[in-house]
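Novice: Taking the hints into account, I'd like the entire structure generated from these sequences.
Listed here are the chains, written in short residue letters.
There are 4 protein chains.
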Amino acid sequence: MIYFDSDYMAGAHPEVLQRLIDTNLEHTVGYGCDQYTEQAINHIREACDSPKAQVFFMVGGTQTNATIIDGILARHEGVLAPESAHINVHEAGAIEATGHKVLTLPQHEGKVWADEVEHYIEEFYRDETFLHMVAPGMLYISFPTEYGTVYTLSELEALSQVCHDAQIPLYIDGARLGYGLAAKEGNVTLKDIARLADVFYIGGTKMGTLMGEAVVVTNPALLKNMTPLMKQHGALLAKGRLLGVQFATLFSNDLYLNIGRYAVELAITLKNEFFARGYDIVVDSPTNQQFFRLPNDLIDQLKQHASFELWGPPGKTHSIVRFVTSWSTTYNDINRLIELI
Amino acid sequence: MIYFDSDYMAGAHPEVLQRLIDTNLEHTVGYGCDQYTEQAINHIREACDSPKAQVFFMVGGTQTNATIIDGILARHEGVLAPESAHINVHEAGAIEATGHKVLTLPQHEGKVWADEVEHYIEEFYRDETFLHMVAPGMLYISFPTEYGTVYTLSELEALSQVCHDAQIPLYIDGARLGYGLAAKEGNVTLKDIARLADVFYIGGTKMGTLMGEAVVVTNPALLKNMTPLMKQHGALLAKGRLLGVQFATLFSNDLYLNIGRYAVELAITLKNEFFARGYDIVVDSPTNQQFFRLPNDLIDQLKQHASFELWGPPGKTHSIVRFVTSWSTTYNDINRLIELI
Amino acid sequence: MIYFDSDYMAGAHPEVLQRLIDTNLEHTVGYGCDQYTEQAINHIREACDSPKAQVFFMVGGTQTNATIIDGILARHEGVLAPESAHINVHEAGAIEATGHKVLTLPQHEGKVWADEVEHYIEEFYRDETFLHMVAPGMLYISFPTEYGTVYTLSELEALSQVCHDAQIPLYIDGARLGYGLAAKEGNVTLKDIARLADVFYIGGTKMGTLMGEAVVVTNPALLKNMTPLMKQHGALLAKGRLLGVQFATLFSNDLYLNIGRYAVELAITLKNEFFARGYDIVVDSPTNQQFFRLPNDLIDQLKQHASFELWGPPGKTHSIVRFVTSWSTTYNDINRLIELI
Amino acid sequence: MIYFDSDYMAGAHPEVLQRLIDTNLEHTVGYGCDQYTEQAINHIREACDSPKAQVFFMVGGTQTNATIIDGILARHEGVLAPESAHINVHEAGAIEATGHKVLTLPQHEGKVWADEVEHYIEEFYRDETFLHMVAPGMLYISFPTEYGTVYTLSELEALSQVCHDAQIPLYIDGARLGYGLAAKEGNVTLKDIARLADVFYIGGTKMGTLMGEAVVVTNPALLKNMTPLMKQHGALLAKGRLLGVQFATLFSNDLYLNIGRYAVELAITLKNEFFARGYDIVVDSPTNQQFFRLPNDLIDQLKQHASFELWGPPGKTHSIVRFVTSWSTTYNDINRLIELI
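Protein chains in written order, with this note's numbering: chain A, 22 to 362; chain B, 22 to 362; chain C, 22 to 362; chain D, 22 to 362.
If you're looking for bench data, these hints aren't it; they were derived computationally from the structure.
Please note that a few of the clues may not be correct.
[Unchecked claim] In silico DMTMM-like links for lysine to aspartate or glutamate, alpha-carbon gap of 20 Å or less:
| no. | chain 1 | residue 1 | chain 2 | residue 2 |
| --- | --- | --- | --- | --- |
| 1 | C | K337 | C | E360 |
| 2 | A | K324 | B | E149 |
| 3 | B | K337 | A | E144 |
| 4 | A | K245 | C | E149 |
| 5 | C | K292 | C | E206 |
| 6 | D | K212 | D | E178 |
| 7 | C | K324 | D | D148 |
[What the hints assert, rightly or not] One-sided excerpt, in silico: chain B residues whose CB lies under 7 Å from chain A:
| no. | residue |
| --- | --- |
| 8 | A113 |
| 9 | G114 |
| 10 | E117 |
| 11 | G120 |
| 12 | H121 |
| 13 | K122 |
| 14 | H153 |
| 15 | V155 |
| 16 | A242 |
| 17 | T248 |
Backbone N, C-alpha and C define an ideal beta-carbon position, used for all residues, glycine too.
Specialist: Dropping the structure here:
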């Protein structure tokens with residue numbers, strides 16, 4: 022069986038695992054006050070060209086989103102997000118559980134448009150009834166989006182400008198950030214992300230760690246009491262150094278970017294091969310998630326040898342499927358899948 | 022100046038006020054354990070033909086909605102509601118502040134359709150990702166709706182059936198319930214409401230009391246610890262008898278229904294007069310809220326003598342306005358407005 | 022029967038009720054944007070000698086406490102309060118329901134001591150584990166306390182200083198503020214309260230209104246978005262002018278202070294008469310609540326003619342009882358009670 | 022340097038790590054639906070003699086406590102716990118952040134007494150004011166306690182009986198469960214824990230895993246929607262199989278119990294050696310945490326070679342210190358420390 026269900030199906034990238042093995046019996050203090058965490062912070066600051074950024078490590082994406090958003094918003098504020106946002110659909114109400122509404126914007130292949138954000142905010146403050154409504158207190162986007170698409174640099178700059186003008190922070194969910202940065206048609210770098218977002222996170226779980234997400238806060242006034250906030254959210258790992266060790270490894274020798282490039286290259290090969298055989302591409306994704314519209318009998322046939330997900334409800338004759346690559350996908354996996362179609 | 026902004030612009034209906042005056046110096050125990058509250062409960066049970074219903078009194082609509090919804094839902098559940106629902110738009114995130122998501126359904130002049138509710142629930146449980154999503158735990162509708170429209174009896178029966186089949190309670194926000202029951206084309210009685218909803222509230226604030234909403238729980242298993250729940254929500258009035266006195270009066274001699282009929286008659290007169298003069302009716306409302314599309318210069322002219330609200334953003338040549346009647350509107354007010362158009 | 026159970030057993034003070042009657046049929050805009058609310062705000066600012074204070078009106082004490090405390094605290098902070106505080110014991114967890122811990126201090130007849138507050142804060146920050154603990158973010162006290170006692174001016178000044186030094190706001194719950202200001206041995210004025218607290222509320226429910234509490238925010242940076250916050254907490258009354266009318270009356274012609282003085286005078290008379298007859302005074306309260314330790318057979322006998330509460334569990338031979346006076350207590354009530362003992 | 026600060030200073034027990042290495046490149050489905058998680062569940066059910074127990078895996082203790090407690094309590098309920106409870110002191114208000122009060126009981130070397138729990142509940146329901154208070158909805162204890170002490174079997178049985186009689190569930194926080202089960206004077210087995218608690222968790226983080234806690238729910242009606250609840254709390258690990266692999270290893274060949282016995286043997290050796298040298302033992306702990314009262318100059322001297330924590334504020338001449346052993350402590354570490362004293 023070959024696996025394309027998701028990018029969190031295997032353990033850790035071998036280099037990351039090796040560092041965990043090498044340091045396993047060392048004793049360090051807990052909760053991220055160790056030297057490995059410090060090392061990881063320094064590597065990330067350098068990679069982001071943000072020497073003063075605050076960096077924090079949490080275990081998973083949902084807890085990271087909930088902690089950050091809850092930490093930023095005032096009680097009467099909500100978070101703007103595309104209707105398709107992970108926080109709006111697939112986090113079991115974790116944001117609402119902290120007391121805040123997700124205010125939805127139209128999504129365009131997973132992206133929001135700066136002018137629509139601007140329009141929302143303008144309309145919101147148009148008349149006095151806004152005092153009875155949930156105020157937009159920040160903007161959440163993901164890079165890449167749920168559909169594997171990426172914002173262009175000018176789209177990101179426009180969003181950043183709109184947020185800045187409205188005095189609301191821009192938060193970028195980078196669960197798959199490295200796959201987005203590797204998009205060939207893309208022109209956004211990690212430094213751009215750090216420059217344009219007030220806070221973002223660099224996903225590890227889907228990019229080579231056992232678990233872990235690195236939050237980078239570039240706006241120093243934004244999140245002032247992260248340790249108790251993380252503790253309160255159950256997001257402060259006792260053996261914090263495990264996250265430090267893993268991210269220090271990911272951010273040595275460009276491993277993070279290399280993992281991204283590798284998986285995206287495999288994904289684009291897949292896309293081209295499907296396309297060459299006349300299958301519909303549902304979203305033209307430049308990253309590690311590819312969406313195809315396939316005949317149901319081909320799907321059934323593929324399912325005997327490959328594991329992957331239907332995307333949305335099955336259709337009568339054709340259905341949409343998603344194939345996801347990662348650092349753990351091999352050229353061999355890709356070749357076998359191509360042979361099957 | 023004549024007033025059509027809303028139905029909460031004056032104090033209490035004179036009969037209600039008189040009872041408050043008559044009982045003002047009496048001493049009673051607090052928190053709704055007095056004889057007036059008991060009297061009001063009995064009158065309401067009788068009017069609802071629900072001798073075993075639980076009846077509770079709170080002060081305002083938002084606190085009532087938040088308390089009821091928070092009391093019913095499990096932590097992982099949200100409340101289904103039309104996109105236009107008051108809880109979704111105009112309660113400053115009070116529902117989310119209790120930790121629950123408002124799950125929105127398409128609205129059709131403020132109403133939801135039973136088949137769309139059914140479809141939502143079916144789709145929700147279609148595949149296993151629902152375990153990562155907010156489960157629909159109850160349905161919220163209002164009667165009449167934000168647009169003044171009312172459900173027909175068969176529409177309500179269909180919604181009640183869908184909820185029953187899905188084992189989720191149906192909650193009806195009756196902030197303006199009496200105006201809805203008075204709709205001439207309508208065929209829904211208070212007893213129908215009590216039979217079809219698991220819980221609903223009878224609005225007092227907009228129907229003749231100084232303040233106060235009466236919650237009726239007909240499903241006995243639904244809300245078991247209302248007193249501490251109301252206290253926790255800041256919704257337990259110390260001088261609870263004030264609500265008892267007012268609702269006991271409203272539910273004596275059909276005052277509640279009479280107020281509804283009176284205000285709706287005035288509103289329909291208005292509608293007919295605007296219609297007769299060729300003005301567009303935006304929603305064909307059978308209740309005390311009427312929505313017209315008027316030329317901007319007429320609006321400016323009316324504003325000199327009458328107070329009323331724009332509905333939505335102003336247009337270039339025409340805008341939508343709302344006129345609301347209540348027990349405190351007089352025939353004279355209506356005649357003066359008609360003379361102005 | 023004569024009533025000494027509490028100070029919220031009757032309706033409104035006759036002058037307050039009369040103003041409600043006089044204004045009942047007027048139409049005003051809602052939510053506290055009317056001229057009566059403005060009038061009340063101005064009267065209160067003047068009485069507090071705080072021309073720039075923000076003033077807001079809510080319906081009841083629990084909702085006021087929850088809204089204020091939730092609005093002030095950061096997510097990782099809790100509220101310091103005496104163990105006997107109303108918010109700690111008798112508000113059904115309303116503060117915790119907003120996500121915040123009540124951090125308890127020892128109470129001394131309902132009061133906290135400045136040096137104990139100071140010590141708590143010093144100890145809290147002593148070692149780094151504080152990052153895993155709930156930070157003290159504000160101090161809550163009540164004036165008078167749950168036991169009817171009042172802080173002296175120098176006690177209040179010391180508390181204010183400790184809070185100022187620790188950069189946490191001081192919040193005073195004044196549910197019975199007027200009875201506290203009337204304490205004969207007391208030397209604290211409303212202006213002192215306004216000068217020393219960052220925020221406090223002037224209770225109306227127990228001091229002559231049907232319902233309502235007036236929040237005074239003297240620290241301008243403290244609470245910036247009160248309207249949506251109150252709305253979210255279900256604490257924004259639709260017919261806000263009802264609170265405006267009532268407080269405008271209370272703060273005309275010294276009615277508020279006079280109510281306080283009147284009820285306290287009756288209470289002190291009671292205390293003296295019990296004392297003269299050899300009964301134990303449990304707490305030497307200078308305000309409208311009096312606590313006596315009485316023989317159980319006297320209690321049984323009194324209960325036939327007077328209504329009052331046991332304070333704590335009944336004892337074998339003696340029990341503690343509470344007698345409360347208010348504007349609605351008459352000299353006649355007092356005389357009849359004295360005759361009975 | 023030798024380390025006695027805590028039991029989460031090293032990585033994973035070598036056998037646990039080896040299984041992670043062996044399975045690292047395998048692809049499995051996420052979120053705990055894999056075969057390793059199933060294996061771990063089966064092993065734990067067997068070890069607990071509870072074939073029908075539900076077993077769930079989360080990442081850390083605070084998130085486990087918050088998820089379980091939030092999932093069990095009704096909105097108006099709080100959790101009873103000893104004043105020294107981890108949830109009351111060192112979880113940054115995580116329980117309150119879910120909306121629930123921690124109701125504190127006196128602690129006796131970290132333990133609560135059954136008769137005091139019973140008394141609390143009886144007193145609570147004594148008069149009607151309980152409707153304005155937070156109802157005790159469950160009991161939280163830890164085994165072993167914060168002070169390393171353990172309940173005897175009869176103490177646990179009494180607590181279980183009191184909870185059963187009051188119809189509130191008993192929850193046992195087992196962050197260090199294996200060290201408690203290994204107490205030589207103790208007579209409590211894992212099967213007893215499973216029989217007497219309604220829900221408990223078996224700590225992994227401090228007992229040999231990189232991270233992870235296994236929740237065992239023996240009362241089937243208690244927690245019905247754990248997957249969305251865990252997701253909402255940010256406690257559902259994407260690569261759930263990592264927890265499955267680790268716990269399957271811990272619960273093979275008695276590794277879990279052996280780790281407990283090993284570390285406790287080392288700790289008792291330490292205790293005896295300190296005792297033999299005349300140093301005060303502050304709490305007579307039979308588990309892996311030992312508390313001594315040492316002269317400050319000895320502490321300073323030890324600190325040059327050993328890492329450990331002060332317990333509470335430093336004293337003038339003597340202070341209290343804690344030494345903690347774990348699977349990663351060696352005989353050599355113990356011998357070196359003994360040589361130093």
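Novice: All the hints need checking, so say for each whether the structure fits it.
Specialist: Checked hints:
no. : hint               : verdict
1   : C/K337 with C/E360 : 25 Å, violated
2   : A/K324 with B/E149 : 18 Å, holds
3   : B/K337 with A/E144 : 16 Å, holds
4   : A/K245 with C/E149 : 16 Å, holds
5   : C/K292 with C/E206 : 14 Å, holds
6   : D/K212 with D/E178 : 13 Å, holds
7   : C/K324 with D/D148 : 17 Å, holds
8   : A113               : 6 Å, holds
9   : G114               : 4 Å, holds
10  : E117               : 4 Å, holds
11  : G120               : 5 Å, holds
12  : H121               : 6 Å, holds
13  : K122               : 4 Å, holds
14  : H153               : 5 Å, holds
15  : V155               : 4 Å, holds
16  : A242               : 24 Å, violated
17  : T248               : 24 Å, violated
The structure fails hints 1, 16, 17 (numbered hints given earlier, in ascending order).
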